[in-house]
Amino acid sequence: MNTQEKKSWKEIPMAGVCWVPSTAYLTGDWRTYRPILDSEKCTRCMLCHIYCPDGAIAWKAETNEMVFNYDYCKGCGICEVECPVDAISMKLEGEG
Amino acid sequence: MRGKHPLSITIIDLEKNKVKKLIEVRWHGRGGQGAWTASEILAKAAILEGKYIQSFPEFGPERMGAPVNSYTRISEEPINLHCSVYNPDIVVVLDPTLLKTVPVTQGLKENGALIVNTKVSPAEIRKKLDLKTGKVWTVPATEIAIRILGRPITNTAMIGAVARATQIVSLESIEKATNKRFPPNLAEKNIPIIKEAYKEARTG
Amino acid sequence: MILEWKFTAKEIAEKPELFMSGHRACAGCAPATVHRLILKAVRGPTIATNSTGCMEVTSTIYPFTAWKIPWIHTAFENVAANASGIEAALKILKRKGKLKHEHVDVIALAGDGGTFDIGIQALSGAVERGHDFLYVLYDNEAYMNTGIQRSGGTPFGAWTTTSPAGKKIPGKPQLKKPIADIMVAHEMPYVATASPAYWIDLLKKARKGLEVEGPAFLHVIAPCPRGWRSDPSKSIEISRLAVETCVFPLWEAIDGEYNLSAPSKVIALRPERKKAMEEYLKTQGRFRHLFTPEFKHIIGKIQEVVDRRWQKLLKKCGMA
Amino acid sequence: MVLTTQKESKAIALNGDEAVALAAKQCDVDVVAAYPITPQTIIVERFSEYVHNGEVDTEFICTESEHSALTCCLAAAAVGARTFTATASAGLALMHEILYVTSGCRAPVVMAVANRALSAPINIHCDHSDSMVERDSGWIQIYVENSQEAYDSIIQAFRIAEHQEISLPTMVGLDGFFLSHTLENVSVLPDETVRKFVGQRQIPLVKNHEGKLVPYKLDPENPITIGPLDLHDYYFEHKRQQEEAMRKASEIIRKIHDEYANISGRRYGNGRVDSYRLEDAELATICLGSTAGTVKTVVDQLRAKGVKAGLLRIRTFRPLPVQDILEALQNVKAVAVMDRSCSFGGYGGPVFHEIRHVLYDSGTHPHVVNYIYGLGGRDMSQLLVQEIYRDLARILETGKIDKSIQFIGLRE
Numbered sequence: 069m070n071t072q073e074k075k076s077w078k079e080i081p082m083a084g085v086c087w088v089p090s091t092a093y094l095t096g097d098w099r100t101y102r103p104i105l106d107s108e109k110c111t112r113c114m115l116c117h118i119y120c121p122d123g124a125i126a127w128k129a130e131t132n133e134m135v136f137n138y139d140y141c142k143g144c145g146i147c148e149v150e151c152p153v154d155a156i157s158m159k160l161e162g163e164g
Numbered sequence: 002m003r004g005k006h007p008l009s010i011t012i013i014d015l016e017k018n019k020v021k022k023l024i025e026v027r028w029h030g031r032g033g034q035g036a037w038t039a040s041e042i043l044a045k046a047a048i049l050e051g052k053y054i055q056s057f058p059e060f061g062p063e064r065m066g067a068p069v070n071s072y073t074r075i076s077e078e079p080i081n082l083h084c085s086v087y088n089p090d091i092v093v094v095l096d097p098t099l100l101k102t103v104p105v106t107q108g109l110k111e112n113g114a115l116i117v118n119t120k121v122s123p124a125e126i127r128k129k130l131d132l133k134t135g136k137v138w139t140v141p142a143t144e145i146a147i148r149i150l151g152r153p154i155t156n157t158a159m160i161g162a163v164a165r166a167t168q169i170v171s172l173e174s175i176e177k178a179t180n181k182r183f184p185p186n187l188a189e190k191n192i193p194i195i196k197e198a199y200k201e202a203r204t205g
Numbered sequence: 162m163i164l165e166w167k168f169t170a171k172e173i174a175e176k177p178e179l180f181m182s183g184h185r186a187c188a189g190c191a192p193a194t195v196h197r198l199i200l201k202a203v204r205g206p207t208i209a210t211n212s213t214g215c216m217e218v219t220s221t222i223y224p225f226t227a228w229k230i231p232w233i234h235t236a237f238e239n240v241a242a243n244a245s246g247i248e249a250a251l252k253i254l255k256r257k258g259k260l261k262h263e264h265v266d267v268i269a270l271a272g273d274g275g276t277f278d279i280g281i282q283a284l285s286g287a288v289e290r291g292h293d294f295l296y297v298l299y300d301n302e303a304y305m306n307t308g309i310q311r312s313g314g315t316p317f318g319a320w321t322t323t324s325p326a327g328k329k330i331p332g333k334p335q336l337k338k339p340i341a342d343i344m345v346a347h348e349m350p351y352v353a354t355a356s357p358a359y360w361i362d363l364l365k366k367a368r369k370g371l372e373v374e375g376p377a378f379l380h381v382i383a384p385c386p387r388g389w390r391s392d393p394s395k396s397i398e399i400s401r402l403a404v405e406t407c408v409f410p411l412w413e414a415i416d417g418e419y420n421l422s423a424p425s426k427v428i429a430l431r432p433e434r435k436k437a438m439e440e441y442l443k444t445q446g447r448f449r450h451l452f453t454p455e456f457k458h459i460i461g462k463i464q465e466v467v468d469r470r471w472q473k474l475l476k477k478c479g480m481a
Numbered sequence: 002m003v004l005t006t007q008k009e010s011k012a013i014a015l016n017g018d019e020a021v022a023l024a025a026k027q028c029d030v031d032v033v034a035a036y037p038i039t040p041q042t043i044i045v046e047r048f049s050e051y052v053h054n055g056e057v058d059t060e061f062i063c064t065e066s067e068h069s070a071l072t073c074c075l076a077a078a079a080v081g082a083r084t085f086t087a088t089a090s091a092g093l094a095l096m097h098e099i100l101y102v103t104s105g106c107r108a109p110v111v112m113a114v115a116n117r118a119l120s121a122p123i124n125i126h127c128d129h130s131d132s133m134v135e136r137d138s139g140w141i142q143i144y145v146e147n148s149q150e151a152y153d154s155i156i157q158a159f160r161i162a163e164h165q166e167i168s169l170p171t172m173v174g175l176d177g178f179f180l181s182h183t184l185e186n187v188s189v190l191p192d193e194t195v196r197k198f199v200g201q202r203q204i205p206l207v208k209n210h211e212g213k214l215v216p217y218k219l220d221p222e223n224p225i226t227i228g229p230l231d232l233h234d235y236y237f238e239h240k241r242q243q244e245e246a247m248r249k250a251s252e253i254i255r256k257i258h259d260e261y262a263n264i265s266g267r268r269y270g271n272g273r274v275d276s277y278r279l280e281d282a283e284l285a286t287i288c289l290g291s292t293a294g295t296v297k298t299v300v301d302q303l304r305a306k307g308v309k310a311g312l313l314r315i316r317t318f319r320p321l322p323v324q325d326i327l328e329a330l331q332n333v334k335a336v337a338v339m340d341r342s343c344s345f346g347g348y349g350g351p352v353f354h355e356i357r358h359v360l361y362d363s364g365t366h367p368h369v370v371n372y373i374y375g376l377g378g379r380d381m382s383q384l385l386v387q388e389i390y391r392d393l394a395r396i397l398e399t400g401k402i403d404k405s406i407q408f409i410g411l412r413e
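Protein chains in written order, with the numbering used here: chain A, 69 to 164; chain B, 2 to 205; chain C, 162 to 481; chain D, 2 to 413.
Among these hints, one or two may not hold up.
[Claimed, not checked] Keeping only pairs whose Cα atoms sit at most 35 angstroms apart, straight-line, the calculated DSBU-like set for lysine-lysine is:
#	chain 1	residue 1	chain 2	residue 2
1	A	K109	C	K176
2	C	K436	A	K109
3	A	K159	A	K128
4	B	K110	D	K306
5	D	K218	C	K259
6	C	K176	C	K259
7	A	K128	C	K365
8	C	K171	C	K229
9	A	K75	D	K208
10	C	K259	D	K240
11	B	K101	B	K133
12	D	K240	A	K74
13	D	K208	B	K22
14	D	K240	D	K208
15	C	K369	A	K128
16	C	K176	A	K128
I should point out that these hints are in silico values taken from the structure, not numbers from a laboratory.
Chain A with its partners taken away, still in its complex shape (with noise of 0.2 angstroms):
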């Protein structure tokens, strides 16, 4: 959902504060590719968090995971491209 509803002049804070964070503005959907991860081959050496624009791929320590977060995503391909061990590619989203 990135609708907001607008508010009145009274009830916004003074001198254009920003009320909401960025996390609540969803940039999954302007993605065209979506990067797949082949847990197998990954060596979670961290490049494609490190390199991802968008802050989209985080390392779960307690379970030792690399998580695409589809939610903001923007498919750039990055982490395809750098990825050392091709662990990871791009697939036209709406395929399987």
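Once you've looked at the hints, dock chains B, C and D against the given chain A.
Using the frame of chain A, we list chains B, C and D on its own:
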């Protein structure tokens, strides 16, 4: 009611309605001679005596050597005016060479006073400037300054002469204001200059 | 509270995202990666300020904000003055006992337009006055926010909408301004260049810039797929090629002493590793017109400029 | 009008610039950022002396331009500091962009403007062209009559700007040279009295992106984002908020002025307008700044002649004291509005625009004429003021206006 208004027939004589007890002084000097400082010290001496004052320079780009003016207003009552001085009560000339080039008596009130730094007599100055009315005072300020300070800085001497000629502020207040305005080594030398000029100023 | 240096990949991954997801930079935007990484290098309480530009706009589309830390934007040409005011306020509030924190770092971020061109006066003034702040220039080599117009940071020969690849004048006829050298000439304590491809180097330099007392300047190459007409997935790769071809060598100058950083030092020691400019240029549509028979000679000229500047740098680093 | 007499108060000789610098010092300003420009320079020189002699604990940033000076103040204010700057003429023009940013960010910066003409040709002397240009910039504007009022107004300005209901930058205009460089009697309050009056910087609360109500300042503990991209969906709302703050300011300015009168014994009308012998006046002039003093002197002379003359001085041009103007002029039959700036191609000067506009609602519809005067420091003498009243008398007598807008003191 739009009737006949007094103003439509009367032209106001500003002179007659001049704010009482306001004295306006115009200082003539050259850039760097301290005409503004002189007007300032006189004003600060007057404020010590509980008077209302204004002191301001001629508002131009001041350059060393160029003729410059500054002004002092002293009054028993608050001064509202924020315009130029057109008809000074007192004109002070820091540098005798200005007499040749600057119309120093312009606008000077009929009963006003002209105070000039010069060795020559008041009568000669009166003749030279073709001045029929008012008072003329002279003081050899350059001589006094060179004698005491070793340099021809005449602004403080002229304050002494103004005090003598007009009695608008006491020598004591001028001394206090001078002590405040200058660092001790300079004040120490300038105060004797002021006193000497006060003594040597003459009229005629 | 000073955080220790922890720049291994896993440690970086564990740090919070202070530049939050949901910002609206283009897919494949290297400046966005640079912003994320810079904020991973902070050592404690930090205030950031941006000049007007892509990253300011895409990170704060009202009422949303991507900034987890306190942040201010005021105008285009004055981000260094923002930093000056913030730093001065922090200093005096601390002195008067009105600041809760022991220390607060200040980071100013600006693009090439806001640094090379319209912002250079404020930057030069702030550095001359010696305010303690880190200035990060994310250089995408043109005014991308207004739609790809040439700036003082645009390289020779590059197409932009105001340096079009015309029949008579093929792209930008002038050279890129050596901004980092200009900053070194200010005799400031810390100046460095960085590329997001070499992320550890980038993080370390950002941290050094924060730790040094006084102003620090970090010049980061930041490919813009939209403006460079490049593949969004190649943004990091291109920022690596920039180093490998020596069009954007990595170095740092501490108190005016130049030193090559590892990725460029390798090339200095083994010149055969230096890649040809053509490899870099062909990744970007903005140089496409140079691959025609008519303008092919310009590639040679670009190579000459790059070589000359590289040699000059080697001299400064005592490696010529 | 309560006037403390010379004997009761500690009067010292200060020019307008010095009075401003002293007031800012006594207000314990945290950050001063400024750039020298005639006739404001004395302010930064004096303040530098205070800093270098350890008489004030302030971060003084000597910036490389006025643009950066105001930016520094804005950014420092955003961190929670009390900030002050001063400029004039071209310096204010260079700040123009940031003036809007400052009010838009609701940063309570206080600025002294030593009013000076704008180039070209270059001129260092007084007129109001510089600050009149900025009347729509969202700054509160106070124009003062003398050095004493410059001192008093700077102190009040911090209270006004930093008032939580207002939180707007405030500009105090003092006429270049006529005030900035003119030594006058200034009664100075003890440091402690001033400090107590201005108090600590007040900071309003806002809701941030974490959903918390936090102080409106850049604080790592309670992060906020200031100065975002604000598009057609919300920009208008933010501008409406600014207008609301201006409207509220009117009453608060009066209250703060009253409060200040209690500690100083000095009043300038109701703090928004200052009427002089206007109660039964038929002829009135309206002006801003130091000219009012000269007009008062002439009004006294005219009154001595039996002429029902009066003066209305606008002290706060922004927010415009509409009700005060209507009330003050309700019995007046002919009004001359004096403008020390020109709105080229417009219908008269900016003050005229406002006054005539306000009087449209008056019901009494006095004659209103405009005099453009004093551009580039041209002196406004008593004789010229007298001429204006003579014109007004003629208008009243004949019921006819020859020329609605005139230049006075100009060689034709």
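Hint check results:
Proposed proximity of K109/A and K176/C is supported: the alpha carbons are some 25 angstroms apart, at most 35 angstroms. Of the pairs offered as hints, the one joining K436/C and K109/A holds, with about 31 angstroms between alpha carbons and a cut-off of 35 angstroms not exceeded. Simply put, K159/A and K128/A have alpha-carbon atoms about 23 angstroms apart, close enough for the 35 angstroms limit, and the pair holds. Distance hint between K110/B and K306/D is fulfilled; the C-alpha atoms sit about 23 angstroms from each other, no more than 35 angstroms.
Restraint check for K218/D and K259/C: satisfied, since their Cα atoms lie roughly 13 angstroms apart, inside the 35 angstroms limit. Restraint check for K176/C and K259/C: the C-alpha separation of about 29 angstroms stays at or below 35 angstroms, so the hint holds. At most 35 angstroms may separate the alpha-carbon atoms for a hinted pair to count; K128/A and K365/C meet this at roughly 24 angstroms. A distance of roughly 21 angstroms separates the Cα atoms of K171/C and K229/C; the hinted pair therefore holds under the 35 angstroms criterion.
A C-alpha spacing of about 14 angstroms is found between K75/A and K208/D, which places the hinted pair at or below 35 angstroms, so the restraint holds. In summary, the hint linking K259/C to K240/D is supported, as the alpha carbons are separated by about 31 angstroms, within the 35 angstroms threshold. The straight-line distance between the Cα atoms of K101/B and K133/B is roughly 18 angstroms, inside the 35 angstroms bound, and the hint therefore holds. For the hint linking K240/D to K74/A, the alpha-carbon distance of about 16 angstroms falls within 35 angstroms, and the restraint holds.
A threshold of 35 angstroms between alpha carbons decides the hint, and for K208/D with K22/B the separation of about 62 angstroms lies outside it, so the pair is violated. This hinted pair checks out: K240/D and K208/D have alpha carbons roughly 18 angstroms apart, not beyond 35 angstroms. With a C-alpha separation of about 29 angstroms, the suggested pairing of K369/C with K128/A holds against the 35 angstroms cut-off. Taking the CA atoms of K176/C and K128/A, the gap is about 12 angstroms. The hint holds against a cut of 35 angstroms.
Comparing the model with each earlier hint shows a violation of hint 13 alone; every other hint is respected.
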